[in-house]
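Engineer: Residues per chain are reported as follows:
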Amino acid sequence: MISANLPILHVIVPLIGAPLGLMFRRSPTGAWLLALIISWFTLADSLALLLIVSGGEAVSYEIGDWAAPWGIEYRVDMLAAYLIVIVSGIGAVTMLYARQSVEAEIPRDRIYLFYTMYLLTLSGLLGIATTGDTFNLFVFLEISSLSTYVMVSLGAERRALTAAFRYLVLGTLGATFYVIGVGLMYQMTGTLNMADLVNRLPEVAETRTILAAVAFLTVGIGLKLGLFPVHVWLPNAYTYAPSVVTAFLAATATKVAVYVLVRIYYTLFKGGVFETLPVDEILLALSIVAIVAMSAVAIFQTNVKRLLAYSSVAQIGYMLIGISLATITGLTAGILHLFNHALMKGALFLALGCVFFRIRSVNVDDMAGLAKVMPWTMAAFVTGGLSLIGIPLTVGFVSKWYLILATLEKEWWPLAAAILFSSLLAVIYMWRVIEVAYFRERPAGAVSIGEAPLAMLVPMWVLVGANVYFGIDTDLTVGTARAAAALLMGG
Amino acid sequence: MNRHSILRVVAKLMIPYILLFALYVQFHGDFGPGGGFQAGVIFAAAFILYALIFGIENGRKVLPARINRIVMAGGVLLYCLVGLAGMFLGSEFLDYNVLGPTPVAGQHYGILLVELGVGLTVSSTMIAIFYVFAGQDI
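Going down the list, the sequences are from chains A and B.
Under our numbering, think of the first position of the first sequence as 1, with each following residue one higher.
Under our numbering, think of the first position of the second sequence as 1001, with each following residue one higher.
Heads up, some of the hints might be wrong.
As the list claims (entries may be wrong) - Pair ranges (Cβ atoms, derived):
hint : chain 1 : residue 1 : chain 2 : residue 2 : range
1    : B       : L1081     : A       : R208      : 43 to 51 Å
2    : A       : R159      : B       : A1105     : 20 to 28 Å
3    : A       : E57       : B       : P1101     : 35 to 43 Å
Stated by the list, open to error - Which bits of chain A does chain B cover? Going by a derived footprint, with three or more residues having C-beta under 8 Å, they are:
hint : stretch
4    : 8 to 21
5    : 325 to 334
Just so you know, the hints here were simulated from the structure itself, not pulled from any lab data.
These numbers were taken from a predicted model, which means no experiment stands behind them.
Beta carbons: idealized from backbone N, C-alpha and C, even for Gly.
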């Protein structure tokens, strides 16, 4: 029974866990345990799925036994399985880390709500990656987004509320645009099933309705993934959300939105969309601005969480560059960076969570001399930072290597130069933090603090270790990304 | 206390019929227009009318927030458990065919239970939203 239902268990188990989480009103530890067990279950399920589909065959599941174009079909192929592993893996590690950090940042009587919302978000994100139905995808997009707004608003400062509200307004706009796009496609083809759309779209691909649909889908998903000019919700949401939430969202939510974009361009339209509408050129131009301008903005931030948030917008630019190149190498680089960026941002934000846990602040100036009292945390931060910059032996290097390879294949030298230049900017903004933490003295009269608790250090170092491990042994990540890219380009 | 006697009398007269109509919409959903969502909203409207006329305090006595929260989660759980039942009986998630002795009976039970879950969650969520806007904690 388990094996036949593998493609759906990772979606419905967190969904059932969420209402159960409401029982743990007086027992935050109970709610945490529930979320932890479910997160690890989804990780096991998704690894099993990855193993099954790594042969190249997609797994299909018909909900309620209704046949595919009419009923809702879940379809897990290589790319979907890869993404499910990213989301559930990050979820499992952050939950391991979460207990003390959440107790320190969220009022005790609301902790059970946090875990409930986390489980809903997990279910929504995994559902987006699993479903083969465009409207069902919208439903999961809303499940994950609505619960994300609540998680952001749980931040300790009152500004978290305005950040969450702004995210809500823009996120709803994005979801609306997505559903308008789906509606237009439905109007022309009469189907919502992705596999069915693939067959029916070519006939009508040149019509104005479908062009409008592509525009709506691009802008809608662009809002969700923090595409450069419409990213304005992202810095505040990441800055004021609780540390665990920031780490989880930065590593998963935007990645899932990028996945949706890849699905639309390469699965639904088979890359043909770039011939009728210059979305690839538009995305490329915006991404180049993003990687340079947002890295430059990051340099001037005094709040380290906000600094990393701007850096996230720049890093999403790298993924979109890879995707808009429309070559196998480019797509490999984009998909690879989904995984690698999740690892590095996860590690960095978890390190900041440890910093906040001890000094109740993530301002650069407050972090003076921190490396002496919290050596392990700051070492993790430095390693994550090196990975972000793209130093060899880290995952960041692998991503950038393939990205630059892809630009050189097209002989677009200025683009390669822009990528290198933005990496240099990353050196500057990471160095600002490292300099303060390592080469300045702790201010006189500062409260004496120790290293973060072991229960937080271990999960953080698991992610840091993954940064290094997947930077050296690239078989799994590059192999999967390349296979997924080849399927998308050839399919 | 006895001001607005017309409103009070009319509300008292209306509320049972609103509740009854909600149940009709709920259980007639298989045969005609209706279903859990609409029924839930109508059911909640009766509660909200009661709370508006007779005061939030009395409304909370009828339906304490704690119970409301259990119903809210319970509806979702009912939906999911029906889905799981299909899975445990050897078919796919949310397959109603296997729930009854014949597929038709199974579909009937399945949709009835699932819509009941929707109705419970929608009505208690509407009531919770009303309580929050009326200045109370849920």
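Engineer: Between the beta carbons of E57 (chain A) and P1101 (chain B), is the distance compatible with 35 to 43 Å?
Structural biologist: 36 Å, holds
Engineer: State, for the Cβ atoms of R159 (chain A) and A1105 (chain B), whether the hinted interval 20 to 28 Å holds or is violated.
Structural biologist: 56 Å, violated
Engineer: Do three or more residues of the stretch 325 to 334 of chain A come closer than 8 Å to chain B, measuring C-beta to C-beta?
Structural biologist: Per the Cβ count (0), the hint is violated.
Engineer: Are L1081 (chain B) and R208 (chain A) spaced within 43 to 51 Å by their CB atoms?
Structural biologist: Holds, at about 47 Å.
Engineer: Take the stretch 8 to 21 of chain A, compare each residue's beta carbon with every beta carbon of chain B, and decide whether three or more fall closer than 8 Å.
Structural biologist: This one holds; 7 residues, not fewer than the three required, reach chain B with a Cβ under 8 Å.
Consistency note: the structure conflicts with the earlier hints numbered 2 and 5.
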